[in-house]
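Assemble the whole structure, with the sequences as input and the hints as a guide.
Letter by letter, the sequence shown follows residues 1 to 425 of this note's numbering.
Derived from the structure by calculation, the hints contain no laboratory data.
Please note that a few of the clues may not be correct.
What follows is a set of in silico ranges between Cβ atoms, one per label pair, in the way DEER data are often shown [as the list claims (entries may be wrong)]:
| no. | residue 1 | residue 2 | range |
| --- | --- | --- | --- |
| 1 | Arg310 | Gln238 | 34 to 44 Å |
| 2 | Ile26 | Asp413 | 47 to 57 Å |
| 3 | Thr229 | Arg167 | 47 to 57 Å |
| 4 | Lys249 | Ser136 | 42 to 52 Å |
Computed cross-link-like contacts, DSS-like style, restricted to lysine-lysine with a CA-CA straight-line distance of at most 30 Å [claimed, not checked]:
| no. | residue 1 | residue 2 |
| --- | --- | --- |
| 5 | Lys249 | Lys336 |
| 6 | Lys159 | Lys141 |
| 7 | Lys352 | Lys106 |
| 8 | Lys145 | Lys161 |
| 9 | Lys161 | Lys188 |
| 10 | Lys153 | Lys169 |
| 11 | Lys260 | Lys249 |
| 12 | Lys188 | Lys159 |
Every residue, glycine too, gets a C-beta built ideally from N, C-alpha and C.
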Amino acid sequence: MSIKDTSAQDSKISVATSAKKRWTIIILSLILSSAIIWQVAPSASRWSLAEHTIARDRVRIATISQGDFIRDISVLGRVVAAVSPTVYSPADGTITLLIEAGHEVKQGQIIAELESPELNSQLFQQQATLQSLQSSWQRQKIQAKKQRLIDQKAVDLAKVKLITAKREKRRADLGFQKNAISQIDYEKAQDELEHASLQHQHAVQDAALNTESLDFDSQSLQLDIRRQTLLVQELQRQVDGLRISAPVKGIVGNLSTANKTFLSKNQAILTIVDLSQFEVEIEIPESYADDLALGMEVNIQFEQQPFRARLVTISPEILNNQVTGRVRFINDIPTKLRQNQRLNTQIILEYKADVLQVQRGQFLESSGGRFAYKVRDGLAEKTAISTGARSLSHVEILHGLDVGDQIIISGTDSFNDARQVLLSE
1 MSIKDTSAQD
11 SKISVATSAK
21 KRWTIIILSL
31 ILSSAIIWQV
41 APSASRWSLA
51 EHTIARDRVR
61 IATISQGDFI
71 RDISVLGRVV
81 AAVSPTVYSP
91 ADGTITLLIE
101 AGHEVKQGQI
111 IAELESPELN
121 SQLFQQQATL
131 QSLQSSWQRQ
141 KIQAKKQRLI
151 DQKAVDLAKV
161 KLITAKREKR
171 RADLGFQKNA
181 ISQIDYEKAQ
191 DELEHASLQH
201 QHAVQDAALN
211 TESLDFDSQS
221 LQLDIRRQTL
231 LVQELQRQVD
241 GLRISAPVKG
251 IVGNLSTANK
261 TFLSKNQAIL
271 TIVDLSQFEV
281 EIEIPESYAD
291 DLALGMEVNI
301 QFEQQPFRAR
311 LVTISPEILN
321 NQVTGRVRFI
331 NDIPTKLRQN
341 QRLNTQIILE
351 YKADVLQVQR
361 GQFLESSGGR
371 FAYKVRDGLA
381 EKTAISTGAR
391 SLSHVEILHG
401 LDVGDQIIIS
411 GTDSFNDARQ
421 VLLSE
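So this is what it looks like as structure tokens:
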């Protein structure tokens, strides 16, 4: 017995496809295909132009900016005393120290005494010589007065004799006219007048010459006294200098000698550190030596605060591939500074306002600063550029790029000098 199915009951239904609906589907398909092609075509074009492909996350990209450019170097500095004079022995002698290392001293305070018998003996001898010269001068003044009196007496006596001779000559003239005296007596009166006149003249000249000689001797003695006085003053100054005083206010540093030690002249005794004036000693790499100049501005960081300073000295020699310099604070000196304290310093080598710049990177070494890869729409294109000054963080762009451009700043050696590189996501 067989079972019949229901196929005999089925009826065929014919579906009528609408022409309008068919055209709608075709148009939508064309639009969708065009959109896909429009989106894919640029990428396909870039893919076709790119000579190399690299993942975007493997490169560093920076944007060109415009602003103030500072070329600087950062070095570690050491705080040193700007003034730290060393005191030396002024003469040969035994030193007695009145202070110890670490003691605070004031300017002018006696810090040591030097015993020098030789110097004291020289002072006493020269003082005795000065007193002797002063006594000689006083004696010379008395002798000069006596000599002037003698000369004046001789002049006066000669004058009296001259007056007497003139009177006798007048009497002889009258007697000779009246034939009261002989020719011989008359001539004798003339001779006596002439003799008296010569005596008076010579007495006056002798007195003048003696006065001149006495004045010269007096001036010579005065010069000797002045010279000896200066010598005594110099020795007195040296003796007073045996009491050694502090040249500045500060702290006693290293002692170069022990107490009660015999010192030679100009031998170091101790050092005094002036704590009111500090400078920063820096060591700069030799490669920057040609860029350094006196007066350059320096920024010093101390307790997270910047302090302005200026480069004041540059060593003329290079030691261990470094140049030593000194930096001095311009305005206020930071408080709480300590000797040999380490500070971060920033030397401003160059300052330019409103210039194009970009973050510094390995691309400078890869290209020598002659080209860079400019990034646009996922494609890095090799672009010729020229660079200027370089700082530790940025480099100046002179030509080839504009503000807002993006370039690859990481190393580009792996690009194999390709003109275009595709950056894949």
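Hints, one by one, checked against the model:
The hinted window of 34 to 44 Å between Arg310 and Gln238 holds, with their beta carbons roughly 40 Å apart. Checked against the hint of 47 to 57 Å, the pair Ile26 and Asp413 passes, with Cβ atoms roughly 53 Å apart. The hinted range of 47 to 57 Å is satisfied by Thr229 and Arg167, whose Cβ atoms lie roughly 56 Å apart. The hint said 42 to 52 Å for the Cβ distance between Lys249 and Ser136, and at roughly 48 Å that hint holds.
Restraint check: the Cα-Cα separation between Lys249 and Lys336 comes to about 17 Å, which is no more than 30 Å; the hinted pair holds. Distance check on the hinted pair: Lys159 and Lys141 sit about 27 Å apart at the alpha-carbon level, within 30 Å; holds. Proposed proximity of Lys352 and Lys106 is contradicted: the alpha carbons are some 47 Å apart, above 30 Å. A C-alpha spacing of about 24 Å is found between Lys145 and Lys161, which places the hinted pair at or below 30 Å, so the restraint holds.
Straight-line distance between C-alpha atoms of Lys161 and Lys188 comes to about 15 Å, which keeps the hinted pair within the 30 Å bound. For the proposed pair Lys153 and Lys169, the alpha carbon gap of about 24 Å is at most 30 Å, so the pair holds. Of the pairs offered as hints, the one joining Lys260 and Lys249 holds, with about 25 Å between alpha carbons and a cut-off of 30 Å not exceeded. As the CA atoms of Lys188 and Lys159 are separated by approximately 19 Å, the hinted pair is consistent with the 30 Å bound.
The structure is inconsistent with hint 7 alone, although it conforms to all the rest.
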